[in-house]
Each structure stands twice: as structure tokens, then as C-alpha cells.
Amino acid sequence: MIIFPGFNDLTCVGGVVGAEDCPIRAKRVAHSQHINVEDAVLVQKWQNGDTGAIEKLVCKYQGRIYNIILKICSNPNDAAELTQDTFVKVIENIDKFESRSGFYTWAFRIAVNLTLNYRKRKATVGFTSLDAELAAGDEQARQGLAAILSDDKSPDPAQIAENKELCELIQKGIRELDDEHRAIIVLRDIEGMDYAQIAEVLGTELGTVKSRLSRARAALRQILEAL
Amino acid sequence: MNFEQNPKIEELLNSYIDDELSADERSQVQRLVRENPTIAQRLRQLERCKALVSSLPPAEPPARVVAGIKQLLRNHSAGTNEPKHIENRRGARHLFVRHILAASIIIGLVGIFGAVVYKIVGPEKTTMPIVAVQPAPTVESAVTPVEAKKAVAVAAAENSTSIGLYSLQLQTADFTAVDAYVNKLLEESPWLRYEATKDQPGKSAYRILCSRGGLEAMMSDLATVWSKFDSTTLIVRTDDVGRYVTVESVKPEQIADIARQDTIDSRVKLAKDFATLNSVEQIMPDEKMLAATEQPMPELTTIPKPVLTSGDKNTVTAPKGAWDQVQVDLNIIVTNHK
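Chains as they are written, first to last, in the working numbering: chain P, 1 to 227; chain D, 1 to 338.
Hints in this document: simulated from the structure, not taken from any laboratory. Honestly, I wouldn't trust all of these hints.
What the hints assert, rightly or not - Here are the simulated lysine-lysine pairs, DSS-like style, with alpha carbons at most 25 Å apart:
no.: 1; chain 1: D; residue 1: Lys119; chain 2: D; residue 2: Lys272
no.: 2; chain 1: D; residue 1: Lys70; chain 2: P; residue 2: Lys56
no.: 3; chain 1: P; residue 1: Lys96; chain 2: P; residue 2: Lys45
no.: 4; chain 1: P; residue 1: Lys89; chain 2: P; residue 2: Lys122
no.: 5; chain 1: D; residue 1: Lys272; chain 2: D; residue 2: Lys251
no.: 6; chain 1: D; residue 1: Lys203; chain 2: D; residue 2: Lys251
no.: 7; chain 1: D; residue 1: Lys70; chain 2: P; residue 2: Lys60
no.: 8; chain 1: P; residue 1: Lys89; chain 2: P; residue 2: Lys45
no.: 9; chain 1: D; residue 1: Lys228; chain 2: D; residue 2: Lys184
no.: 10; chain 1: D; residue 1: Lys251; chain 2: D; residue 2: Lys228
no.: 11; chain 1: D; residue 1: Lys70; chain 2: P; residue 2: Lys96
no.: 12; chain 1: D; residue 1: Lys198; chain 2: D; residue 2: Lys228
no.: 13; chain 1: P; residue 1: Lys120; chain 2: P; residue 2: Lys89
no.: 14; chain 1: D; residue 1: Lys70; chain 2: P; residue 2: Lys89
no.: 15; chain 1: D; residue 1: Lys70; chain 2: P; residue 2: Lys45
To be verified - With the C-beta cut set under 7 Å, the calculated list includes, among others, these residues of chain P facing chain D:
no.: 16; residue: Leu70
no.: 17; residue: Ala80
no.: 18; residue: Arg221
We put the CB at the ideal spot given by N, CA and C, even for glycine.
Whole structure, please, built from the sequences with the hints as guidance.
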């Protein structure tokens with residue numbers, strides 16, 4: 001039996017029913033709490049001993065988790081290690097996962113916390129990523145970036161994605177943000193999370209997400225203009 | 001419009017482009033944008049900034065990450081969770097042993113450090129040489145006026161507060177001449193009382209009782225033959241029973257300075273300072289020693305002078321009449337140094 005938080009309070013016509021008896025309402029409630037029903041089903045199966053369920057979850061999220069870790073920590077080797085560490089923690093703690101939040105935000109929360117803690121430790125011992133030291137972009141890319149920022153040229157996502165030098169410049173700008181700002185920009189503009197999900201992943205209030213994201217974008221724009 | 005001073009508008013615009021506003025709020029923002037070109041421009045800037053970041057291509061995880069996670073899953077499927085708990089317990093035991101070892105090492109290091117510090121700053125311990133001293137004659141047994149004067153001095157020494165027992169060990173290759181000089185010097189110094197013991201060839205021991213002024217005069221005379229000594233060592237008694245301070249390569253004026261101190265503490269302190277000073281001079285014989293208060297000379301290595309808390313000639317003011325009292329009890333041992 002799949003149990004969703006708050007589900008036992010729901011009533012359908014004819015009396016108190018569980019989620020499996022009222023999938024439409026279950027989906028609505030799950031969505032309102034950022035719970036992906038498919039994820040919730042897989043987690044429940046996993047907790048009940050179906051090892052195939054975890055494989056599906058891992059396949060679904062490993063690329064996205066690696067991507068956001070890489071964008072935050074800026075080092076492919078560190079990102080690879082941290083991605084594995086994230087799944088180790090996910091597997092170790094799945095028994096403690098109580099479905100109060102979605103698996104998606106829970107797993108991303110682990111990933112972001114691991115990455116930010118790793119960044120703090122690295123900063124404490126004075127390491128800097130070699131990747132972060134690379135000079136990014138050539139003059140043409142800089143001019144293209146300046147044109148987009150100065151309102152002269154509309155950004156074309158496809159063209160930007162194909163322009164390696166321009167992407168490098170943008171990534172360099174993101175790297176120069178402080179960790180808090182970088183994390184929130186990555187979660188919103190790269191991973192596409194909504195504000196409520198970001199608040200859950202970062203363990204903060206919705207208002208803080210709004211103000212921090214606003215400051216992060218302003219800072220990023222200043223950095224990109226200065227490049 | 002300065003958006004840094006209007007963070008709420010900036011937040012509103014960001015929420016607008018992120019589709020996080022209610023229908024009413026969206027309408028308000030759209031009206032603001034229509035009416036205010038500055039806000040409209042800022043909105044475009046934010047949209048462009050967001051578009052730039054969103055356009056970054058996603059990075060694919062390396063094959064080794066995928067393989068690593070698959071291996072993790074295989075281990076998990078194979079039921080390696082149980083060994084994990086055992087590993088955790090082993091890990092905890094291992095960590096405990098490491099903590100114990102680390103604590104032991106730290107305690108050991110602290111002990112060694114403490115011993116080293118004690119060795120450096122603690123009172124030096126040496127064995128006071130045994131000197132055979134004949135009993136001092138009583139006043140009644142003195143015959144000549146000089147002897148009577150000496151006997152009075154001895155009696156005064158025994159009854160007054162003697163400033164302590166010193167032992168001055170002198171080694172010389174020219175034993176016969178130097179010992180004869182010392183003998184003669186003592187004989188011709190009526191202001192001091194002495195006993196000589198010469199029961200071993202090549203060794204003479206003298207026990208001297210005198211005032212501090214008398215000691216100063218004797219040291220001044222001894223200074224003329226000081227260069228003939230290969231080794232000069234002064235041993236000063238401390239407050240602690242069985243503990244002494246040894247001053248190697250001591251100079252006559254240093255002995256007088258030490259004897260001039262009024263308390264055991266100040267004598268011991270000064271003796272330690274001289275011991276340090278002489279030790280440094282021995283290590284760096286070619287360097288000139290300057291006091292820290294003197295003008296620095298850049299061409300010389302300036303070694304800070306040990307801080308003298310007492311004993312400076314200019315600062316000591318002996319009570320009136322102190323020089324007339326018998327206050328010094330000194331053993332001088334002259335040995336033949338072949």
C-alpha cells in the first residue's frame with residue numbers, strides 16, 4: 001500500500017479511502033507538495049524490497065544531479081565524486097525517507113548540501129579549482145555576450161548552446177558568484193525548479209528564495225558585464 | 001530608477017519572469033512595464049540574463065559515474081547492507097583505537113615538552129663538592145691580634161645571616177704558581193678568615209669567611225691571575241635543598257656582583273643570568289655582547305642581554321655598614337689541570 005502524507009484525511013464519496021482508491025485526488029495532493037507520484041511509487045516499492053525501483057530512480061536523476069553539482073562546484077572530477085556520494089547517501093538513508101517531501105527535492109537537497117559543504121571545506125583549506133582558473137572565451141564571444149546584455153541582440157538559446165566560447169564565458173560568470181547565489185541560480189535557471197522546490201532543497205523560506213535569487217541575478221549580470 | 005534601492009520591484013520582476021506570480025500580480029507588473037520604460041528595460045535585462053544561463057547545455061555524467069552508481073546498486077541488491085553495519089562497527093572500533101593512540105601521543109609529547117621546559121627554566125642541580133674544612137678556632141684560642149680579628153670574623157659569620165655557601169672551582173695548568181699566589185693572597189688579607197686543606201697532590205681547598213667588601217677585594221686581586229685558569233666554575237646554593245646554580249667560565253667581577261645581592265633569590269637569579277650570558281659567549285666567542293639598552297650597531301650581531309631583575313651595580317644600595325659584616329661563606333678549590 002502506498003501512503004502519501006495527509007492521504008488518510010482524504011475522503012471520496014462513499015467514505016474514507018486511501019490514495020490507491022482515488023488516484024486523481026492523490027496526484028493533485030502529491031503535486032501540491034512537489035511529490036512526483038511516479039517517484040513516490042518507486043520509493044515505496046524500493047522500501048518494500050523491489051531493488052529494480054531504485055535503478056529506475058537513479059537512471060532518472062543521475063544526469064540531472066551530476067549537472068547541477070558540476071555547475072555549482074565547477075570541477076568535473078569533484079562533480080563525479082559528489083554524484084556518487086549523493087547516491088550512496090540516498091541508498092543509505094532511503095529507510096529514513098518518509099515521503100514528506102518528494103524524492104526529487106530530497107535527493108537534490110542531499111546533492112546540494114554535499115556540494116556546498118565540499119566547497120566550504122575546499123575554501124577552508126585554500127584550494128582553488130584549476131577549472132576555475134581557466135581563461136574563458138575569446139574576444140568574439142565577449143562581444144556577443146556584451147551585445148546580448150546591452151539589448152542589441154535577442155538571445156537565441158540554440159545559438160548560445162552551440163557557441164562554446166560564449167558558454168564558457170557564462171559559466172565563468174556563474175563561477176564567480178558566491179556559493180549561495182550560484183546554487184540558487186543553478187537550481188532555478190538550469191534545473192528549472194520552482195521557488196517552493198528551491199526553498200525545500202535549500203531548507204529556507206520562500207521569501208528568502210525570492211530575495212536571494214533577485215540578488216544573485218543582479219550580481220551575475222554585473223559580473224557578465226564586467227567580463 | 002535604482003533597482004538596488006527597490007529590491008521589492010526587482011523581486012517582483014524576477015518572480016514575473018519565473019512565472020511565480022498570481023494572475024493579479026502579473027497584471028500589475030504588466031501595467032507597470034507598460035507605463036514605466038525603465039522597469040520595462042530592467043525586465044528585458046533580467047529575461048536576457050536568465051536566458052543566457054538557461055541556454056547552457058547540460059553536462060552528461062562521465063561513464064565512470066554511471067558505472068560507479070551501478071556497482072553501488074549491485075552491492076545494495078546483493079544485500080551488502082548487512083556488512084555495512086558490521087563495517088560501521090569496525091570503523092567505530094578503529095576510530096576509537098585511533099583516538100586512544102592520538103591521545104597517548106599528545107600526552108607523551110606534552111610530557112616531553114614539559115620536561116624540556118623544566119630543564120631550561122628549572123633550577124640547575126649539581127652536587128656540591130665535599131670540601132674538608134677544619135673547625136674554625138674559637139675566640140678564646142686565638143693568640144695574635146690578627147688571629148683574634150679572624151676569629152671574631154668567624155664568630156660573626158656563624159652568628160650572622162650568612163648569604164650562603166659558594167664554591168668556586170678553578171682549574172689551572174700552572175697549579176704550583178697559581179696556588180702559591182692564592183695562598184699568599186689569603187695570608188695577606190687580614191679582613192678574611194680562611195682554612196686551607198691540601199691533603200691531595202695537585203689540589204687545594206680553601207674555605208673563606210669574609211664580608212662582601214672583602215670578597216670584592218679578593219676577587220679584584222684574583223683577577224690578575226684569572227687568565228691562568230683553564231676553567232672557572234662558580235656553584236651557588238639555592239633555596240631548595242640540594243639544588244645549586246652552576247656558572248661556567250665565571251669572571252671575578254661576576255662573583256662579586258652575585259655576592260653583593262641581599263637575598264638568595266636575587267643571587268640565584270643573577271647567577272642564572274650570568275650562566276646564560278657566559279654560555280652564549282662560549283658559543284659565539286667572536287661576537288661582541290651588547291646590552292639591549294645600548295645603541296644597536298648594525299655591523300655586529302646584537303645579542304639581547306639577559307634581563308637583570310636585580311644585581312645591577314648602579315641600582316644596588318647596600319645598607320650602611322653591611323660591608324663590615326661577615327656575610328660570605330666561600331669554598332675555593334684549585335686543581336691542577338694537566
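Check each numbered hint from earlier against the structure, then list the numbers of those it violates in ascending order.
-> As far as the earlier hints go, not one is violated by this structure.
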